[in-house]
Amino acid sequence: DSGVTQTPKHLITATGQRVTLRCSPRSGDLSVYWYQQSLDQGLQFLIQYYNGEERAKGNILERFSAQQFPDLHSELNLSSLELGDSALYFCASSSRIGHEQYFGPGTRLTVT
Amino acid sequence: DQQVKQNSPSLSVQEGRISILNCDYTNSMFDYFLWYKKYPAEGPTFLISISSIKDKNEDGRFTVFLNKSAKHLSLHIVPSQPGDSAVYFCAASAGIQGAQKLVFGQGTRLTINP
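First to last, the sequence lines map onto chains A and B.
Once you know that position 96 of the first sequence is 96 in the working numbering, the rest is easy, because the numbers rise by one and skip nothing.
Convert by adding 1000 to the 1-based position in the second sequence; the result is the number in the working numbering.
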């Protein structure tokens, strides 16, 4: 158990809909990262937040957005969903000092 | 542009023998490298890491070697155990501590045969 929690574990929704994925980092970690793992691709970095502020951005679509709240949990919002958005979405957290990122169990999103 | 590459999609090793997983990178700005292990339906689990100022790091049965001139790193598992069967991802990062994204390879599926 990495200490990172993600909800929900599974999500099935239709094209055009909007969903919110939630992540709680390990106790004491200020950084939260979001990654996407599609069937035919490795883990792709989406976005990072540090203590409530956006710190780094990857190939995140404009239809996707994220935020980190004062209690340090983070939410990833995916809107106008397309079939190609079906993937595993992982959240990770790290301490301010460490390089290692610790991953949650992921949310499997299926868009039908 | 695949900055981190794991050219072997799969590897099969006999129990008790050494497993060697390889990873190549192209970006010379990477200064920290990590290996993760992933079981189905679970998130990646951190295994071992190495800073670019070192060429070897050991933790129990796991050793990571870094060859900066060749932009190559490898993970050695000795001895291999059935529980080591999983997908292994190599990852690299660059940037200040606390503000790094990880760039992952495509993964190598390791199967340990009894």
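Note that these hints are calculated values from the structure, not bench results.
One thing to keep in mind: the hints can contain errors.
[Said to hold, decoys possible] Some chain B residues well away from chain A (every beta-carbon gap over 10 angstroms; in silico): (1) Thr1045; (2) Gly1083; (3) Asp1084.
[Stated by the list, open to error] If you anchor each label on the Cβ, the simulated ranges turn out as follows: (4) B/Lys1054 - A/Ser38: 43 to 49 angstroms; (5) A/Arg108 - B/Lys1005: 25 to 31 angstroms; (6) B/Gln1014 - A/Ile60: 39 to 45 angstroms; (7) B/Gly1016 - A/Asn59: 38 to 44 angstroms.
Even for Gly, the Cβ is constructed at its ideal location relative to N, Cα and C.
Each hint, compared with the structure:
Distance to chain A contradicts threonine 1045 of chain B as a non-interface residue, since its nearest Cβ pair spans about 7 angstroms, not more than 10 angstroms. With a least beta-carbon separation of about 17 angstroms from chain A, glycine 1083 of chain B lies farther than 10 angstroms from that chain, consistent with its non-interface assignment. In this structure aspartate 1084 of chain B is separated from chain A by more than 10 angstroms, as the shortest Cβ-Cβ distance comes to about 19 angstroms. Checked against the hint of 43 to 49 angstroms, the pair lysine 1054 of chain B and serine 38 of chain A fails, with Cβ atoms roughly 33 angstroms apart.
Our hint of 25 to 31 angstroms for arginine 108 of chain A and lysine 1005 of chain B holds, since their Cβ atoms are close to 26 angstroms apart. Against the hinted window of 39 to 45 angstroms, the Cβ-Cβ separation of glutamine 1014 of chain B and isoleucine 60 of chain A comes to about 43 angstroms, which satisfies the hint. Between glycine 1016 of chain B and asparagine 59 of chain A the beta carbon distance is about 42 angstroms. The supplied range of 38 to 44 angstroms therefore holds.
Checked against the numbered hints given earlier, this structure breaks hints 1 and 4; the rest are met.
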